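Protein sequence lines, in the order shown, are assigned to chains W and G. Using our numbering, the first residue of the first sequence is number 1, and each one after it goes up by one. Using our numbering, the first residue of the second sequence is number 1001, and each one after it goes up by one.
Simulated from the structure, these hints should not be mistaken for lab results. Values in this document were obtained by computation on a predicted structure and should not be read as measured data. Possibly wrong hints are sitting among the right ones.
Below, computed lysine-lysine pairings styled on DSS-like, alpha-carbon distance capped at 27 Å [said to hold, decoys possible]:
1) Lys1182(G) to Lys54(W)
2) Lys139(W) to Lys1061(G)
3) Lys50(W) to Lys33(W)
4) Lys247(W) to Lys1240(G)
The lines below spell out each chain.
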Amino acid sequence: MTRSKYFFFFFVLFSVLLFPLSHGEACVMRPEKINFPDTIDGWRLEGEPKRIDKANIFDYMNGAGELYLSYHFDHLLVYKYKNKSGNDIVVELYTMKSPQDAFGLLSLDWGGEPVNLGQPEDGKFMKAIIPQNRALYGKGLLRVWSDNLYIRIMAFRDVPGVKKVILRLGEIITAGRSHPLPPEMLRSVKISTDSPWTLMKDRTAYFRSYLVLNSLFYISHENILNLDLSTEAVIVTYERELETREKQTARLVVIKYPDQERAVTALDSFFKAYLPDQKSQVTPDRERESQGFFHIEDGWMGFRLSGRELALVFECPDKQSAQEMTEQVLLDSLSN
Amino acid sequence: MKKEKITVTRRDFIRGSVGATLGFTLLGPEWLKGAVSSDSRSSVVIVRDKNVMDTALNADKEVLENMLEQTLLHVTGKKNRNEAWLTLVSPQDIIGLVPTPLMNPTHDELIDVVKESLVSAGIPAENIRDAQGRSVDLEPITALISLPGLKAHWLTGIGTVIKNYILYSGAPRNYHHQNSTKLGEIWNLPQVKGKTKLILVDALHPVCDKGPQVDPRYRWPYNGLIAGTDPVAVEAVCLKIIMAKREELRGEPWPLSPPPICVEAADKIYKLGNSDLNTIDIETIGWAEDLLV
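Please take these sequences and the hints and turn them into a complete structure.
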């Protein structure tokens, strides 16, 4: 091969590898092929994996497919192990287009026993607003966030010894994969040390869709906050104990829109549907930060809008708490 | 004058104005004129047996047969199983069984027991069909027996009775978002309306959160069948059980989110039955521990 042919060959190769970047998609080369063992402690791998994508996800899991499409879903591979008694272990590898999306899926439920599959501990900051875990196990189901993979390994029957096999499979799948930090968006929420409110870190979730928001904290059956795959959002739950030992909870939702106009439009849409009686009192200011607090049926709610970020608080017992919570959010600087 | 759009929100649930807002949203202001509550009462039967599943969660057909018989006798008030079936269906009927096919599916053992029981009551075996799915021809079917699995659903709150006919719509995804309120309209499609003779919910091993994708942490052996002829009343009782289980798991109120708006809509908008527990008589038979109603 001549020198110019070598040059041409490498030019084409690099062009192909870099092409997706030009379309704004994350292009990180990751090992797609995982070497699953044929047998593991008496469990045998059954045939080739089933590949599920956007076109057939509803055939595979019916309405649950909406959950994965609410994040940047690429495809799913389903492997099955069987033992001599006919019990199954199903391994589902959800390949998401970014680690943030895979993280989001794990963040929807922090319940279960934390397990370490050889993954590193996260930074101090993240510990404060979310649990530190990347893998959780409970009653035969292991859920893992590993780079851009969300993994579910489930035994349909929690038979003796199955947990060990499931954890081993988790280790095999995650071996050699990178461990990015949780989404930057989570840094929007500050931790206050002198507040009577405690941030319930096992209730913090990262999402992009109103369907997911509604499954965590119902606001409306319609998409009144104009959430979609181009938005990022986090929900935080605060709790405080009263003198009567009764507990109060309040919610903070922070949303980052692609631009300021989208944020302003979303706030307008929210007010029309949620607070039509207060609509006249809200005129979002594009030049400076705007905020407002309203007493409604379930307590005080408030908003703070700055640049392309919007913070909303719900169910606060008083105006002061609502103000305090919105102030815990580091919103976009208008100069950005 | 341009009509202002009305959207159901959290505030409607707190104010107790969901029915009114739904009426306006789905049917317009004319809805108010016809919005009269029904005076009739509904009955729901819960039959449980501690031994219906073994420790490995295998269902015991013999125990299920007995549970089915008890259910039929109490739903119909008849003295024997065959007589009970013949008050619900006739040997001339073409009967469609509608189980839950995916994600916490109806136990095969329950479907088998229902088929065998129908045959022993004199229904020709060839008249009994599987009627679940979007490609089912409902035209020749004269009687439907709905056999859903009890589960919470992350998009609709509950995904049991009213949602069990979703595939008959031909466009199930259209009923998953804000339009989940309209699930009841499927029951009023000409090929479906009036055909349901019995709702028999498989509550052996329900899911109380994250459904339909199963998370074993939210499944528990309830070991029950829940039945009746009013789909909304059966759903309302199922809902009560799921909510009670959620509260028990967390030790504090843990409301379903999103709220199962399709249940109230099925009652107030589509007039399919009673959703108010004050208008439902619940009869319980068998194992009474952790009944949750």
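### Message
When the structure is checked against the list of hints, which entries are broken? Sort them ascending.
### Response
none
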